[in-house]
Amino acid sequence: MSPARRVAGLAARGSFRIPAFTLFALAVSWPVLATAGMMNLFRDAQVLFAYERDAAWSVLRFGSLPLWDPFYCGGLYALGTPQSRFVSPTFLLSLLFGPARGEALTIFVMLIVGLEGTFRYARSRGAGSLGAMLAAPVFAVSGVFIASPFLGWTNFFGFQLVPWALVLLRRAWRGDAASAAGAALFLAWIVGFGGTYAAPMTAWLCLYELGAWLVSRRRVVGERSRALGAAAFVAALALGLSAVRLAPLLETLRLAPRVIAGRPGMSAGEALSVLVSPVAVKNGNLVWSKQMYVVGAAGLALSLIGFARRRAWSLIPVVVAAFCAALGYALGSGSPFALIKRLPVYEALRYPERYLILVALVLAVAAGHGLRLFEVMARRRRWARVALGLGAGALVVNAGFLLHDFQAVAVGRVLAPAPRVVARPFQQARGNRWLAAFYAPMGRGSLSCWDAYPVPMSPLLRGDLVQEEYLLDPGAGTVGRRAWSPNAIDLDVTLARPATLLVNQNHHTGWRSNVGQVEDHDGLLAVALPAGPHQVQLRFRPRSAIAGAVSSALALLLAVWSIRRRRWDRLLAITAGVPLVAFAIVYAAIPEPRAARPPLRAPSGEPVIAAGPPAGAIPVGATFGESIALDAVRAPAPASLVPGAPGALELDWRVIGPAPRDVQIVVSLRSGGAVVAELNHELLSAALRFSDAPPGATLRDVVPFVVPRAAGPLDLWVGLSDAPSGGPVPITATGQAARAGEMLRLSPQLSSAIETP
Amino acid sequence: MPRGGLVTAALVLIAVARAATAPGVAPAEPDDPAKRAAIFREMTADESALRQDAARAFPGDPWSADDDFHNHQQRRARAIAARLHVSIGTVLGAVDDGLRAHWPHANPAPLTATVPPCHPRPVY
Chain A
1 MSPARRVAGL AARGSFRIPA FTLFALAVSW PVLATAGMMN LFRDAQVLFA
51 YERDAAWSVL RFGSLPLWDP FYCGGLYALG TPQSRFVSPT FLLSLLFGPA
101 RGEALTIFVM LIVGLEGTFR YARSRGAGSL GAMLAAPVFA VSGVFIASPF
151 LGWTNFFGFQ LVPWALVLLR RAWRGDAASA AGAALFLAWI VGFGGTYAAP
201 MTAWLCLYEL GAWLVSRRRV VGERSRALGA AAFVAALALG LSAVRLAPLL
251 ETLRLAPRVI AGRPGMSAGE ALSVLVSPVA VKNGNLVWSK QMYVVGAAGL
301 ALSLIGFARR RAWSLIPVVV AAFCAALGYA LGSGSPFALI KRLPVYEALR
351 YPERYLILVA LVLAVAAGHG LRLFEVMARR RRWARVALGL GAGALVVNAG
401 FLLHDFQAVA VGRVLAPAPR VVARPFQQAR GNRWLAAFYA PMGRGSLSCW
451 DAYPVPMSPL LRGDLVQEEY LLDPGAGTVG RRAWSPNAID LDVTLARPAT
501 LLVNQNHHTG WRSNVGQVED HDGLLAVALP AGPHQVQLRF RPRSAIAGAV
551 SSALALLLAV WSIRRRRWDR LLAITAGVPL VAFAIVYAAI PEPRAARPPL
601 RAPSGEPVIA AGPPAGAIPV GATFGESIAL DAVRAPAPAS LVPGAPGALE
651 LDWRVIGPAP RDVQIVVSLR SGGAVVAELN HELLSAALRF SDAPPGATLR
701 DVVPFVVPRA AGPLDLWVGL SDAPSGGPVP ITATGQAARA GEMLRLSPQL
751 SSAIETP
Chain B
1 MPRGGLVTAA LVLIAVARAA TAPGVAPAEP DDPAKRAAIF REMTADESAL
51 RQDAARAFPG DPWSADDDFH NHQQRRARAI AARLHVSIGT VLGAVDDGLR
101 AHWPHANPAP LTATVPPCHP RPVY
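Residue numbers (my numbering), protein chains in the order written: chain A, 1 to 757; chain B, 1 to 124.
Simulated from the structure, these hints should not be mistaken for laboratory data. All C-beta atoms in this analysis are idealised placements derived from N, C-alpha and C, irrespective of residue type, glycine included. Accuracy of the hints is not assured; some may be wrong.
Not the full set, but computed from the structure, chain B residues with beta-carbon under 7 Å of chain A [as the list claims (entries may be wrong)]:
no.: 1; residue: P2
no.: 2; residue: G4
no.: 3; residue: A9
no.: 4; residue: L13
no.: 5; residue: A15
no.: 6; residue: A38
no.: 7; residue: R41
no.: 8; residue: P59
no.: 9; residue: H70
no.: 10; residue: Q74
no.: 11; residue: R83
no.: 12; residue: V86
no.: 13; residue: I88
no.: 14; residue: P110
My request is simple: use the sequences and hints to build the entire structure.
Here it is, written out as structure tokens:
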């Protein structure tokens, strides 16, 4: 037997392969394990680690479920935080070893899971054992996993679960109920692990696998309906399993949608170059944020050879689609990414280049095929034996290169010892989100807040209060804290007259009180209380978490039952929807006020949608195309126009017809004919697109700027352009403005206001 | 247990042992109120000027300006911690204690104890 066949035989055996993968994962993650007690100071790492740590502390220190996180942003719904990853089996590592050491072990475990999953997926896709094993690191140690420990994006290790979900789905199509349940479990795990990108991207791969199966079995009677039934079962079970995470998440994003603008993209050449360029760190940051998708040159070369194999051809559409999606708007407004962005959920995904993670998975499988091609040819051709040896060696070297890159980037992290825990009553601090993880150990919450979505926060939160619970009318009585934990606050309140109790945390409709009425006091948690002595018990019990937990528990039982039954039957298919029905019943049965979506506001706080232009606005009455009107303009008071100081203009728009999606608002300040400030933007008040705006309403577009140093008076020029082409939207009525080409010159109306002193 | 399982278990144990024994928590520091007061003064000395710079960098965007200010603060906190051989937590704790207890500071205006609500920019 040839050495290659002997190694292939070993690779096929789990008793050899899994220890080999474990050893490799140990070597890869060694710098992370060796510094497991330290804290990563990178800004994202601070926040994402704090989410996991706060959840673990909720359990370990307070004996409560991680529902409410009071330690960040003035309090937020922990289950509804998109990037938290604690609804996952790996949370046990955080509980057992502490969140910092648990995070390092999570990375180690997820590497093993990813290596084995990639092997199995490659095998199920027809690659040989040898190629599948040697190519597994092409995905499982690819760039995103190299960069994630540096950035603190541990939740991105959820992508390591994707190949498992796909392998099990492919078995589920054949009627294996255990695999269907397994696929649903992995999909739910991806959601629970903070899979903001992993979950929606995996959905595409699942759809592709289903479509490919249906096409390949189109002549086999009964197989298509069985596969469709399995897909419905997996979808229902995955939704039921992840309901405890998904329901709070959707609830949060409904109230605080992530608004994204810009037209990100990169050329095909750049995308290919990042697939072979190592992840690199300089001055405490990645040298280029898009350079984090490396698969290695040998991995890429073997995968290109692998696509020559007929059994790999079915992967070509998915790799081409994912690659094109990764190019983003570089392919124009009709690009896959631009089209995907029109879908709910996908509209909130900012970075197209992350589709290269899917490309890496497909390339790993194709690289396995590349080696298999040489294996098959080596039976008859001598040169192919040499090529097989070289290919296998190249993949080993490629794995070594990825290992080295992972270690180098991990060593480049800026670390600090974890802060000591100070036992004292909890209070909010002004805080600092760049060092957010330092506050909870001090018994403090950081009001300074960042996340990728606008966390609902009260402007009344304070970081200098002596008492965190107080009365709106201080003379009405007294408040004393009896007990405090993240989800439960017990207070002794004595009131001479009815009064409002304020808690220095954000309001959420899931808060309940045994006395009085929970209220939203400008975003602050408040309770309206009658006069008299009260033992107030505030509890955070959101119905989305309760109903989600019921659904997830039932779905887990159903998954276990499906795994035990193994084969399909009608009973299984019928029961798949039970957890979701239970969710609906419990959700409807628990009374909770429906949270009102807060009005859209400009960053400066002004509401974006209004009944009419504000006082002081100067009428314009111009229209662009058939759909957009510029009703009025408001300029800052002349006295406030100090060169170098911040100022703001306001343009009052109105949608009068079907507005195109990709419109750019072109605003410039000119002096003496020269442009002195470009204020172009896509979103009205950085919050709203024309296409999403209610027709007829006044849309207040607050345009901040720094007053330029100009020799003479400033002219204000306004126009609209079609963002993809850059061409102007024609002016169809100029109203009271002057016109030059397809721009409006508004200075005649504003000359007294806009002229610099 | 088959040999492969034993090897895997041994490797996992090595990983767990390495993670569990890795150095971690910052050493205890003696409480030095004078040092903490000095840290507070240094951290807050030019808060108004820093906030004005941040407001110019992000006109009309209070959250971004506040975030930019906090970026300056975290850099300064890390630099002070390194220079005085104290933990970053000690520096941040001094700022919190000083704000809460109204310690004397050199900033020409009262210090800000509030933050604008989180409003991430639509484009980075």
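Status of each hint after checking the structure:
no.	hint	result
1	P2	holds (5 Å)
2	G4	holds (3 Å)
3	A9	violated (9 Å)
4	L13	violated (10 Å)
5	A15	holds (5 Å)
6	A38	violated (19 Å)
7	R41	violated (16 Å)
8	P59	holds (3 Å)
9	H70	holds (5 Å)
10	Q74	holds (4 Å)
11	R83	violated (15 Å)
12	V86	violated (11 Å)
13	I88	holds (6 Å)
14	P110	violated (10 Å)
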